[in-house]
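Colleague: I would like the entire structure built from these sequences, with the hints used as guidance.
Reminder that position 15 of the sequence shown reads as 470 in the working numbering, one-by-one numbering, no gaps.
Watch out, some of these pointers could steer you wrong.
To be verified - No more than 16 Å apart at the CA atoms, straight line, and that leaves these computed lysine to aspartate or glutamate pairs for EDC-like: (1) LYS826 to ASP780; (2) LYS826 to ASP778; (3) LYS749 to ASP655; (4) LYS826 to ASP808; (5) LYS641 to ASP655; (6) LYS826 to ASP790; (7) LYS641 to GLU656; (8) LYS749 to GLU545; (9) LYS826 to GLU837; (10) LYS533 to GLU516.
Just so you know, these hints were derived from the structure itself, not from any lab.
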Amino acid sequence: MTSYDSVPYPSLPIRRTHPCQLAALGRLFGLDCPSPRRCRVLELGCAAGGNLLPMAADLPEARFLGIDASARQVDQGKAGIRAAGLTNIELHVQDLARFPEDSGQFDFILCHGVYSWVPPPVQDRILEIGRRHLAPHGVFYVSYNTFPGWHLRGVVRDMMRFHVRRFDDSRAKISQSRLLLDFLVKSAASGEAYRQLLRDEAAILSEQPDSYLFHEHLEDDNEPLYFYQFVERAEAAGLVYLADADFSTMVAANFGQEIAGLLENASRLVQEQYLDFLRNRTFRASLLCRAEEKLDLAIDPMRLAACDVSLEERLELPPLRLDDDSPLVCRCQGDTLTATGPLTKAALAVLNDRWPLPLAFDDLLREARAKLSAAGRTLGEEEPYRRRLAQDLLTLLTRRLLRIMVEAPRIATAAGALPRATP
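Modeller: Take a look at the structure:
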């Protein structure tokens, strides 16, 4: 029996682990990822299958295998599989150390919320499974807690663990931890910076379920590490760093041209470590691949032409003027977005109208040109505009305003006469 049997963790979909999204990021960096439609996916630490089940419903020709040490959660997941009538997914109660060597290879391996929360020998085993069982051109997703942010957060964890050391019951530990944090926020007199640290952590934990507090702050195992340390471990295991699951965090220009200029001569790994310093980053989700893969890290925007794209959220668009070259200024995710080219303005309008549906790049280009034509604007030769649109879409991706996928699943935005919910 594990602590996850007594305090189950919510088993929910994690969008950035979806094979269609991982394949798109891999291809952006020159990795010829397999087709998500017929892929094999392994999840290490699958809980009740809340992440894998929607994928299995999205991709009926793909195969999914999840393993977890918690029998309670796996049993819940198996009940969900039966209720949904899915035949392309299996969940097993299994210790990572005993993962069968004859399990074959997988195009996508997922390990979310496990690596930092297990002892070092199990961490080594996770990377070993990735090296042995990742198929050629496959992607291995691993998330973990990071320094420098966890140097500060770890102070709160240490105080909580000290306070609850005399309690045996998990629920008592959770309630006492919340009481301690409330007491510290109200009573700490060690200066405004320290009080603000406590306030910030209290605000974060007030929005999190008890299971998060317990497994993040009260478990014996929680080992944050620096990004460069994780990369070194991956390389020692025969894997290499491909990208961050959140592409925007890799871009120094998001801190302004001055910072980007200071870091431009550093390697991309060194750049990303410095960006973690600037963000005081607490968590990462890294994508790895086999060491022998030939990557092309100089990103060509035209690689987006093979992707399906959608906006992260609907834009607050002002009245659209396509009959002149006036800039389009709008708000999205608290950011100001300015578009100047007529094709890009039209493309944004198309994506906004279609949100949250993804569009293939060429379909987006065609619909944007049609919108311009209806406004009396005619574009010349197509290829220069294709490249300009791809470049502008890449800019949106760097600012976390665009989502890219390969072979994106169909999404219904309205119920038909005989609606059918996702299982």
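Colleague: If a hint holds in the structure, say so; if it doesn't, say that too.
Modeller: Now for the hints, and whether the structure bears them out:
no.: 1; hint: LYS826 to ASP780; verdict: holds, 15 Å
no.: 2; hint: LYS826 to ASP778; verdict: holds, 11 Å
no.: 3; hint: LYS749 to ASP655; verdict: violated, 43 Å
no.: 4; hint: LYS826 to ASP808; verdict: holds, 12 Å
no.: 5; hint: LYS641 to ASP655; verdict: holds, 13 Å
no.: 6; hint: LYS826 to ASP790; verdict: violated, 26 Å
no.: 7; hint: LYS641 to GLU656; verdict: holds, 13 Å
no.: 8; hint: LYS749 to GLU545; verdict: violated, 32 Å
no.: 9; hint: LYS826 to GLU837; verdict: holds, 15 Å
no.: 10; hint: LYS533 to GLU516; verdict: violated, 19 Å
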